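Asker: These are the residues of each chain, in order.
Protein chains: 2
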Amino acid sequence: MRESEFLQTLHFNSLRLENGSVVNMSVPIVLAIDDLQKQGIGDSKRVALVDSDDNTIAIFNDIEIYKHPKEERIARTWGTTAPGLPYVEETIAGSGNWLIGGDLEVLEPIKYHDGLDHFRLSPAELREEFARRNADAVFAFQLRNPVHNGHALLMTDTRRRLLEMGYKNPILLLHPLGGYTKADDVPLSWRMKQHEEVLKDGVLDPETTVVSIFPSPMHYSGPTEVQWHAKARINAGANFYIVGRDPAGMSHPVEKRDLYDADHGKKVLSMAPGLERLNILPFRVAAYDKTQGKMAFFDPSRHGDFLFISGTKMRALAKNKENPPDGFMCPGGWKVLVEYYDSMTLAGNGKVPEPVPA
Amino acid sequence: MRESEFLQTLHFNSLRLENGSVVNMSVPIVLAIDDLQKQGIGDSKRVALVDSDDNTIAIFNDIEIYKHPKEERIARTWGTTAPGLPYVEETIAGSGNWLIGGDLEVLEPIKYHDGLDHFRLSPAELREEFARRNADAVFAFQLRNPVHNGHALLMTDTRRRLLEMGYKNPILLLHPLGGYTKADDVPLSWRMKQHEEVLKDGVLDPETTVVSIFPSPMHYSGPTEVQWHAKARINAGANFYIVGRDPAGMSHPVEKRDLYDADHGKKVLSMAPGLERLNILPFRVAAYDKTQGKMAFFDPSRHGDFLFISGTKMRALAKNKENPPDGFMCPGGWKVLVEYYDSMTLAGNGKVPEPVPA
Chain R
1 MRESEFLQTL HFNSLRLENG SVVNMSVPIV LAIDDLQKQG IGDSKRVALV
51 DSDDNTIAIF NDIEIYKHPK EERIARTWGT TAPGLPYVEE TIAGSGNWLI
101 GGDLEVLEPI KYHDGLDHFR LSPAELREEF ARRNADAVFA FQLRNPVHNG
151 HALLMTDTRR RLLEMGYKNP ILLLHPLGGY TKADDVPLSW RMKQHEEVLK
201 DGVLDPETTV VSIFPSPMHY SGPTEVQWHA KARINAGANF YIVGRDPAGM
251 SHPVEKRDLY DADHGKKVLS MAPGLERLNI LPFRVAAYDK TQGKMAFFDP
301 SRHGDFLFIS GTKMRALAKN KENPPDGFMC PGGWKVLVEY YDSMTLAGNG
351 KVPEPVPA
Chain C
359 MRESEFLQTL HFNSLRLENG SVVNMSVPIV LAIDDLQKQG IGDSKRVALV
409 DSDDNTIAIF NDIEIYKHPK EERIARTWGT TAPGLPYVEE TIAGSGNWLI
459 GGDLEVLEPI KYHDGLDHFR LSPAELREEF ARRNADAVFA FQLRNPVHNG
509 HALLMTDTRR RLLEMGYKNP ILLLHPLGGY TKADDVPLSW RMKQHEEVLK
559 DGVLDPETTV VSIFPSPMHY SGPTEVQWHA KARINAGANF YIVGRDPAGM
609 SHPVEKRDLY DADHGKKVLS MAPGLERLNI LPFRVAAYDK TQGKMAFFDP
659 SRHGDFLFIS GTKMRALAKN KENPPDGFMC PGGWKVLVEY YDSMTLAGNG
709 KVPEPVPA
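Protein chains in written order, with our numbering: chain R, 1 to 358; chain C, 359 to 716.
Bear in mind the hints are in silico, worked out from the structure with no lab data behind them.
Since this is a predicted model, take the numbers as computed values, not measurements.
Warning: the hint list may mix true and false statements.
Here are the simulated lysine-lysine pairs, DSS-like style, with alpha carbons at most 27 Å apart [stated by the list, open to error]: (1) K425(C) to K267(R); (2) K624(C) to K70(R); (3) K38(R) to K625(C); (4) K67(R) to K614(C); (5) K614(C) to K38(R); (6) K256(R) to K428(C); (7) K45(R) to K624(C); (8) K256(R) to K396(C); (9) K403(C) to K266(R); (10) K558(C) to K677(C); (11) K67(R) to K624(C); (12) K428(C) to K267(R); (13) K551(C) to K677(C); (14) K70(R) to K428(C); (15) K267(R) to K403(C); (16) K625(C) to K67(R); (17) K70(R) to K625(C); (18) K256(R) to K70(R); (19) K266(R) to K396(C); (20) K428(C) to K266(R); (21) K652(C) to K679(C); (22) K256(R) to K182(R); (23) K540(C) to K469(C).
Here chain C is said to cover these stretches of chain R; the calculated rule only asks that three of the stretch's residues, wherever they fall, bring their Cβ under 8 Å from a Cβ of chain C [claimed, not checked]: (24) 4 to 17; (25) 69 to 79; (26) 265 to 273.
All residues carry an ideal CB built from backbone N, CA and C; glycine is no exception.
Working from the sequences, and respecting the hints, build out all of it.
Answerer: What follows is the structure, encoded as structure tokens:
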């Protein structure tokens with residue numbers, strides 16, 4: 001981003017294009033450089049971007065370098081500057097005091113060489129895939145967690161609603177986030193194995209589901225980030241977006257409360273500039289119905305029949321090789337989770353390392 | 359503000375109206391209540407707003423009460439949550455945990471009974487006044503400080519430029535901020551006396567100047583607040599807005615630097631949604647030209663000839679009853695400042711109390 005785009009993102013969560021139209025843009029996509037790198041660039045107007053093997057993968061043309069106002073960036077993106085925001089600590093806190101923007105010329109598609117590149121479809125490739133399948137509606141599901149049957153219920157129910165609305169061939173874009181996630185989230189490679197099992201077990205129908213990796217890092221910036229999550233999926237061809245309680249939220253890093261109001265994400269999304277034509281499908285809350293022995297939409301009138309199984313609870317069960325209640329997750333998918341926590345115990349560390357672009 | 363307006367203000371610095379049009383709104387205008395007040399309101403949908411004598415001055419209809427996310431409000435409005443932000447400490451930090459919004463029914467114009475009410479023209483009254491004077495251009499000047507001849511130069515030069523552009527009768531709206539200001543700013547009543555002297559001394563022409571009080575509190579929130587300063591003046595009939603270096607800025611309350619980049623205010627204003635039709639007149643920097651013995655536009659090629667007299671320096675001179683260089687401020691205006699600091703020394707406190715609405 002150039003400075004004008006960076007400022008518009010921070011202040012307005014949207015960019016005004018030269019033709020006067022407005023596009024949503026809520027999360028800065030910027031590259032920080034330090035004093036030494038700035039000095040090295042000097043008066044050059046072109047800069048090469050290289051991978052870890054020093055291969056040039058892109059060229060930055062007609063560059064500009066401007067100050068990196070870290071505190072302001074954090075405050076306006078997260079609505080807090082409390083210490084302990086995962087993405088801030090991972091990426092921003094130790095980054096350089098300057099940002100470099102310009103016209104990006106990507107030489108060829110970015111490869112990670114981690115065995116998952118076939119899942120990394122570009123927005124154009126996704127749109128082609130939806131056309132190939134003759135989709136007349138595409139509904140997107142953002143996730144960074146293993147798929148349990150509550151998620152699946154939500155997705156199959158959404159498809160049912162779209163068919164009822166008159167669409168003939170609604171296609172699901174199951175779009176797991178593939179960039180940085182915090183240490184206690186399950187790593188991408190294991191999640192992809194789990195998602196494959198979910199499709200293999202028939203919980204989701206492969207005929208009407210496209211699985212692809214969304215290569216963005218998780219910011220955990222709630223109402224600000226959910227706009228980016230929706231906008232990026234619109235670019236990829238989706239016209240319906242499923243949004244739940246507290247999207248992209250987390251606990252406050254210092255205080256004992258959620259960082260964001262659980263309803264703000266949905267509200268902000270519904271009012272966001274540049275997303276006026278997005279069809280937002282609010283989540284219905286699913287929970288384990290003990291009377292049916294399966295995940296079902298929560299019915300407050302008989303709340304005693306339902307069991308809420310949090311991510312923390314799910315991870316604890318898998319770590320201890322215990323089984324969740326029957327019908328919570330397909331057995332193949334659960335097995336992957338147990339294997340992941342096994343491998344972690346063997347490796348003796350907190351998290352299996354994630355691949356980085358080679 | 360209702361919650362939907364509050365959220366749009368924080369995230370987008372603008373509101374989308376029902377007809378689809380976008381208006382700029384960068385600073386929340388909200389009323390906080392505490393738990394006890396919320397309890398007192400109970401299920402009522404109408405609430406009376408009373409003054410300090412318990413006279414009802416307005417009615418809030420069809421109210422809604424929602425959470426007051428103070429940290430998030432501060433972070434998104436100021437781009438920092440550092441302790442020591444004047445308006446935050448004065449107004450937000452100790453305020454209630456709830457906000458109340460609704461349809462405001464004002465029973466009659468608000469009066470302060472401080473001898474300055476004749477200066478408090480509503481936007482509609484200002485537009486009438488400009489029409490009465492047959493203005494074909496109105497240029498607004500926001501200020502919270504005494505007018506020195508550098509300011510005056512800027513305003514008279516703006517008028518000259520507008521005449522050159524073909525306008526026949528450009529009118530200046532000299533619009534001092536009348537709400538809360540920080541302790542080391544000169545209080546409103548003394549500033550108004552000073553402004554009257556400036557007009558009496560002929561530094562500004564009363565024929566082409568309308569002096570009115572802008573009843574807003576100072577937030578010192580830089581690029582966010584400058585949008586509100588401009589938008590409010592558009593509502594009052596202005597079509598040209600003069601903006602300088604670091605508008606509504608201040609020092610970082612904790613770190614040794616300015617809180618905002620000095621250029622961001624102007625840049626953000628030029629890109630702000632809902633302000634597309636605003637004509638922004640960038641300040642030229644004025645300084646005391648020792649060779650001419652008067653305030654003049656700074657010429658970097660002979661920078662040694664110029665003297666920059668900061669607000670701090672000006673206040674120190676007035677406190678010590680020293681005179682500034684001839685031509686810095688009209689003598690009548692300077693006398694008012696000296697009297698103010700005299701009165702403060704006599705009162706023995708930091709600041710002369712400001713009037714509040716009676």
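Asker: Tell me if the straight-line CA distance from K67(R) to K614(C) falls inside 27 Å.
Answerer: holds (16 Å)
Asker: If you draw a straight line from the CA of K45(R) to the CA of K624(C), is it 27 Å or shorter?
Answerer: holds (25 Å)
Asker: Would the pair K403(C) and K266(R) pass a check requiring their Cα atoms to be no farther apart than 27 Å?
Answerer: holds (25 Å)
Asker: So if I understand the rule, the pair passes when the alpha-carbon distance is 27 Å or less; does K266(R) with K396(C) pass?
Answerer: holds (25 Å)
Asker: Just to be careful, I want the Cα atoms of K256(R) and K396(C) compared with a cutoff of 27 Å; is the pair within it?
Answerer: Within the cut-off at roughly 23 Å; holds.
Asker: Does K677(C) lie within 27 Å of K558(C) when you go C-alpha to C-alpha?
Answerer: Holds, at roughly 23 Å.
Asker: Count the residues of the segment 4 to 17 of chain R whose Cβ falls closer than 8 Å to any Cβ of chain C, and tell me whether that reaches three.
Answerer: holds (count 9)
Asker: Does the alpha-carbon distance linking K428(C) and K266(R) stay inside the 27 Å limit?
Answerer: holds (20 Å)
Asker: Mind checking the alpha carbons of K625(C) and K67(R) for me, to see if they're no more than 27 Å apart?
Answerer: holds (14 Å)
Asker: Regarding the pair K67(R) and K624(C), is the alpha-carbon distance no greater than 27 Å?
Answerer: Holds - the C-alpha atoms of K624(C) and K67(R) are around 16 Å apart, at most 27 Å.
Asker: Decide if the proposed pair is consistent with the structure: K267(R) and K403(C), CA atoms, cutoff 27 Å inclusive.
Answerer: Status holds; Cα separation ~23 Å.
Asker: Check, residue by residue, whether the segment 69 to 79 of chain R contains three or more positions whose beta-carbon lies closer than 8 Å to a beta-carbon of chain C, and give the verdict.
Answerer: holds (count 7)
Every hint, counting from the list given before, is met by this structure.
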